[in-house]
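2 protein chains.
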Amino acid sequence: MSREPLQALIIIDMQNDFVLPDGAVCVAGAAATVPRISRLLSHFRQHKRPVFHVIREYRADGSDVDGFRKESFASGKTFVVPGTSGCEIVEPLQPTADEYRLVKPRFSAFMQTPLDMLLRRLAIPELVVCGTQYPNCIRATVLDAVSLDYQVTLVTDATSAQTTEIAAANIVDIANIGVTCLTTEHFVSE
Amino acid sequence: MSREPLQALIIIDMQNDFVLPDGAVCVAGAAATVPRISRLLSHFRQHKRPVFHVIREYRADGSDVDGFRKESFASGKTFVVPGTSGCEIVEPLQPTADEYRLVKPRFSAFMQTPLDMLLRRLAIPELVVCGTQYPNCIRATVLDAVSLDYQVTLVTDATSAQTTEIAAANIVDIANIGVTCLTTEHFVSE
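First to last, the protein sequences are chains F and H. For the first sequence, position 57 (counting from the first letter as 1) is numbered 57 according to my numbering, and the numbering increases by one without interruption. For the second sequence, position 133 (counting from the first letter as 1) is numbered 133 according to my numbering, and the numbering increases by one without interruption.
Bound-form chain F, shown alone (with noise of 0.2 Å):
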C-alpha cells in the first residue's frame, strides 16, 4: 500500500551537539537513531515529499537561550553556536539544497517560525516527526501540530530521550491525543 502523498518529514534537532557522544549536551538515545532517520531521509527523497530539517542555534553570549540555559551559557558551557561544528546537522542527515532548514528559537518547530505557513502553502496535511528530544522539542512540537489540526506519525524508534523511561512515558502521552506511534520498520514499509 502507498502511503498518501502529502507528508512531511520533520527531523528536529538532529545536530553534533545533541548527537555525538562528545556533544556539549549530548542526549544519550540521539546517536542509535541517525541510521534510522537516515532512512526514513531516504524514503521522503525518493518519494519527493518536502522534507524539514528544523535545529537549534543559540547566540555564544547567551542572550538568546532559553532561561533554564542562563546559567550554562554564563559559566562558558555553549552549544549549537552557529560556526561551531557542534551546531551542524550529524553529517549522515545533512540538508540537499532544496530541503528546508528552520532555525527555531525554542522548543517547539511552530514558535516563531514559518513552519506552519510553509506547510500550509504547500497544502501538507500529515507531518511524521522524528529526531530529539522527546520531552522538551520532540512533545512540544508534537502538541502544536495536533493542535494545528495537522495529521501526525511519531517514529518512536528515530527518536530519543536521555531515558528509555523517559521515552516511553512520553510516547503514551502523545498517543493519547491522537497520534499515529510506528517504528521506522513499519513506516517505510507500510
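Be aware that a few hints might be false.
Remember, identical chains collapse to one label, so a pair may be satisfied in a single copy or spanning two.
[Claimed, not checked] Only pairs whose alpha carbons sit at most 20 Å apart, straight line, appear in this in silico SDA-like list of lysine to any residue:
1) 70 <-> 149
2) 77 <-> 177
3) 48 <-> 102
4) 48 <-> 164
5) 70 <-> 151
6) 70 <-> 148
7) 77 <-> 67
8) 70 <-> 122
Quick caveat, the hints were computed from the structure, so don't treat them as lab data. Please read all numbers here as calculations on a predicted model, not as lab measurements.
Please arrange chain H on chain F, whose structure you already have, making use of the hints.
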C-alpha cells in the same frame, strides 16, 4: 518569607465536565485537587495577585474541536459546550468579577489567547500553574510559558492526570526544564 509580588495564578480547565465524577470526560485525579486549588485561589486573592481561569469551550456541532475529538462529537458525545452545566467552572473555584476568564481553543493557555499580552501588560514574570490535565493542557502551557521566558512554578498536588504514573512522568520532564515543582502546602507556607 513573603513571596515576590509579581506572580499570577493560572488555573486550567477546572470545569464540571472534566472534574466531576459524572462529568462527560472526567479526569480521574481532578476532583481531589479542588480543595488545594481553592486554597491557592484564597492565597492569591488575599495577596491581591492576579488570577487567570483558562478554560475550554467547544461548539455543540464539533466544528472547532481538536482533531482527536471529532469522532466523539460526531457520535453525540459532546462536552464543555457553552450554556451547559458541564462547561461551568466547578462551584468552589468560580471566578470573581475582577479575575480573568480566558477561553483557550487548544491545549496551551497561550495558543490563540491574549494570555501573553495580558501578562506583559501586568508585568508578571512568574506563573503559578495548576489544574488539569498533566499530559496535555498543563504540559503545553508549561512548555510555552518556559519558552516565553516566564519563571514557572507547578503546584504538583493541585494538578491532575488520569493516573498517578502519568502525573509523575510529566513532573519529571517538567522539572528538567527549570520549573519549580511544589506542593500546595509548600507553596502557601513559603
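Quick rundown of the hints versus the structure:
no., hint, verdict
1, 70 <-> 149, "between (34 Å within a copy, 11 Å between copies)"
2, 77 <-> 177, "between (37 Å within a copy, 17 Å between copies)"
3, 48 <-> 102, "within (19 Å within a copy, 43 Å between copies)"
4, 48 <-> 164, "neither (33 Å within a copy, 44 Å between copies)"
5, 70 <-> 151, "between (35 Å within a copy, 13 Å between copies)"
6, 70 <-> 148, "between (30 Å within a copy, 14 Å between copies)"
7, 77 <-> 67, "within (14 Å within a copy, 41 Å between copies)"
8, 70 <-> 122, "neither (37 Å within a copy, 24 Å between copies)"
Hints 4, 8 from the list above are not met by this structure, while the remaining hints are.
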